[in-house]
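Could you build all of it, start to finish, from the sequences and the hints given here?
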Amino acid sequence: MTEDYEHREESKSTYAPIILAAGIAVLLFGFVIFLPLAVVGGIIIGAAVFMLFKDGANEKFAEFKESVEEKWPLEFLSKEKLGIWLFLVSEILIFGGLIVAYVYVRLSSNSWPVATQTHDVILGMSNTIILLTSSLAMVFALYSIRGGNIKGLRIGLIGTFSLGAAFLVIKLGIEWPQYYRNGFTISSGLPGSTYFLLTGLHAAHVGAGLVAVGYLLFRSFHGGFTNTKHSAVENIGLYWHFVDIVWMFLFPLFYLI
Amino acid sequence: MSQPIPVSASDWNHFFDLAAVIALIALAIVMGAMIYFIVRYRERKGQTKFIPDVSLKKGRARDSVIFASISIIILVSLVVASYQLTPNARFEPAVSKSMVIDVTAYQWAFNFGYPNGVNTLDNLILPGNTTVMFNVTSTDVMHNFYLVQFKVSIEAIPGRYNILWITTPAVNGNDTYSYNIYCKELCGVGHTYMDANMTVVSQPAYNQWLASQNATISSGTGG
Amino acid sequence: MYVGIWLGLVVATVAEVVTRSLAGAASLLALIILLISSGKAITIAMYYQHLRYEDKRLAILPIAAVVGVIFLAVAAAMTMSMGM
Amino acid sequence: MQQSHQVQEAKAIVFSIKDWLTTTNHKQVGILYIVTAIFFMAVAGSFGEMMRTQLAVPNNNFLLPFTYDQTVTLHGLLMILWVLTPLGIGLANYIVPLQIGAKDLAFPRMNALSYWTYLFSGIMLVSSVFMPGGGPNTGWTLYAPLNTIQFTSQAGMTLAVMALLLFSLSVTMGSINFLTTIVRNRTKGVTWKRLPIFTWSIVFTMALALFAFPPLAAGLLLLSSDRFLGTVFFSSTQGGGILWDELFWFFGHPEVYIVVFPALGVIAEVFQTFAKRPVFSRTAFIVEFAAVTFLSVGVWMHHMFTTGVNYSVLQTFSFTTLAISIPFEGVVLGLVLTLYKANIKLNTPMLYCLAAIFTVTLGGITGVLQAFPALDYAFNGTYFIVGHFHYVMAGTTLFALLAGLYYWWPKITKRKPNEIFGIIIFVVSFVSFNILYFPYFFMLDMPRRISTFSAASGLASLNLTATIGAYIFGPAAALAVLNLVLSLRKPPSSGPNPWEGRELEWTGDYDGSLGTATATAGTAVDPPENTRSSHWYWCRTSSCASVETVVDSTGKSGYLKKSAGVES
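In the order they appear, the protein sequences are chains S, D, V and Z.
Numbering-wise, our numbering comes out as the position in the first sequence, counting from 1, plus 234.
Numbering-wise, our numbering comes out as the position in the second sequence, counting from 1, plus 4.
Numbering-wise, our numbering comes out as the position in the third sequence, counting from 1, plus 4.
Numbering-wise, our numbering comes out as the position in the fourth sequence, counting from 1, plus 23.
Not one of these hints is a red herring.
So the derived list for chain V, only partly shown, Cβ under 10 angstroms to chain S, looks like this: (1) 6; (2) 10; (3) 13; (4) 24; (5) 25; (6) 30; (7) 37; (8) 44; (9) 45; (10) 51; (11) 53; (12) 70; (13) 74; (14) 77; (15) 83; (16) 84.
The hints are simulated quantities; they were obtained by calculation from the structure and are not laboratory data.
As the structure is a computational prediction, the values presented were derived from the model and not from experiment.
C-beta atoms are modelled at their ideal positions from N, C-alpha and C, and glycine is treated no differently.
Shown next, in the form of structure tokens:
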């Protein structure tokens, strides 16, 4: 039985999951019936995410020694990394499904505006390069912390964060208003719908990535990472690069072809 | 009913009977085996020891392979048999001589457009012994054009033209055969009551009816 | 080395933009552009996500996902070719 | 002393709400899943009874068409997504970590999150009926363009779409969690070769879920942007119904297997225990299972046979559908042959599983009939289909998962449900089930989802029979659950392993109390070579009581000493 009580210690309890779930539910409810409710939902979600930040920062749910004698075929993976990769699989399928839908409607509609008339290639290209650079910064951060260089980690993360923010500013702040002024809006027929829905979803992913990178920064300033303990950096990096990859396809599909 | 069973339906019935008999035999075998095992190998007094893992012996996997191949043979033969029906599902009638009816489904009725511009609502009148091709589409939501006694159906989808064809049974004299047409796709509140009648009459009667319809068109009413 | 990869990716991006301004069959250009971007995506996955240095078996996951997407695309293409 | 301590602990946990709200423990989350699923089952079941009441007699006016459409939709959505799927996930939550000797799921907090998202999404869906303008009325397939704002403008419909989005989020997180756990957190000795079959079935279920739900989410995103942002993906003819069909059925058909696989896993476990014999040719069984999994993402278009797909496509998918029926049949035959030369004990779980075998065979065979496009031209959208998938869903899955509850109830609560009562209820429910659904196979002239039928159609007697069956089946299912609940009044009665089960979850320290991670966690063995299954290994002896737990020096994981007679 002694073993039992050790395990009881290990199964920790937290309000974060129920609060987060409730927040999402309130958010969706709000969309449907009463928009201010959605704001409340957003606030609740923020609170829950903050709780998760704290737990992560002071490692409340730090890994207890798991009994992993049998881990074929993926011995080489930490479970977090495996989880992230499985999550990326589902993400690939979501974006894949949407892109397939986009190609479907585009091919089955008789006329489709030429990209240059509707889209600003220069802005798109600069955004692409910005995102690529932010990925580079992420890699830099990871390799610095592998060498135990906290300063480099912070610099890399700050670079990633600011570049990601710049991406959003250019897209949401400059590009979209310009298109709306040109009357190319989400409800102006399928070309607009597909563009704004897919890039909007991608922008949402960038935003989520910014939150995650912010969390990394937060932890890095509280001495959360060492050259041995930095799995979070790597996993969030994987997600960030995935968002980058998605853009690699969205950019040509909407701006060039 | 006394009226003849359409060709498509009789084909369908024959194949269904064949497949159903095979299916029932398969069901009987599986269930029979299960019940036999239950009775034969039920637990007896004082005999509670665990039976060792037989699958360690060779050959069990081979048995499953054998079962699989048997079922493959059955299924393939069924597929072959099903080819005799496929004309009913194909898009071009095997017979060239055919009349085309434009079926436009909308919430919640079927509109039938005849080649010469006559339009009828929920009431389809066809000459006997003719190959009729339906050109099915919808103006609002998905419907399904189901010729009940003919055992064929096709979806009515906005923006698309799906083709279905049947051969009406021969009619002699003044007798008329009436069949049902249902909508099989949930299409809103009126789905329950979205149905139409199909009446097969003899060629002369049909021509006469068509002429009367033309008259009503020219007189401006109807349509 | 990663800086080199980054440069390569940037150049590829510019190449895409140039490609679309070239004269030629639109479908062909589209194909070229998509090939380039697939190359970029694979490069990022291989190096930035260091799939290349992971055990090969990990690649099963993303590949499986992409195959799933291709399934969906093929099916969509099948239904495209009907009715209309 | 220890026993009493456990009892107090159990009490303390049961009565502390906070503990339930904040738990991340796989056992408690599993129980929450099961309880919630049963609650939604009650809701969806009452919707079903309402439908049967409406269809009892011709030209009935008990439900108006619009109300009836809502009951149809909610019955379908709730039963398939909010009842049967989570019931399997709940059992998996409780049992899988024990079967692989993991201390908990890989990501306990994410597990709790998927439960709470599931609960709230269900609440959203049910509350959609009370929205002004009524709830969703499109059937669970939500076909476009009926699902767009032009044709279903009520807020309830939008809320249902949101609920589906939230639910797919929940299931996706769950699948990531389970796959990671099973790949990474197996204890020593639990190799893939020896992985218990229920855990195998969960592996396949979750792999499918990971692939099936994201496309649904994509479709739902398009749909909600249609409903919120005035886009026209599904109302325009460029996108339209076919695009929705693609995305929906790419999810929809694997979903059928997501529902059925845990049931098959339970049947295998129960057969192994009550027939005192490992499943017939275990390796072949699992290979066939895997084959079904892979094929099942390639058959969805047989739901679209009548959409005017050109004939070659039709044939292709007809063939894939027939192809998948072969390994599936292999799985069922493997289960039946498990009884061969066995030593069968007919307890309640066993009876439910035998019934499930009958229903899955009949349901599967009627499914094969629909794989022929020519036949499907008539079957499609009639009550024949309804009968087919109710035999598979309501029959196989419900019976098997009930069997799972009865089977693992002693593990979960230390109590055995009343056997006599259980068997009586089983007989009643099985008979009434067939009274309810068998007539459907003769209702080829009755389109599904019609709210009433004319007396002339000659369907009155069949419908009345079905309704009578429904009136018996519903209460019977409720009583089956009640029997479980009633057993909680008695003090802990059953022994550590009342069924003499032989998988890992039964072995090791006997710990039925809630909340605590079981001592089975971390227990393991150094198994001898050439053993095919943990089952085989555990059961060299007639009972598994002879294995004892010791904790090794690191305290990380215990090992089961091979006690006398384990070899032999």
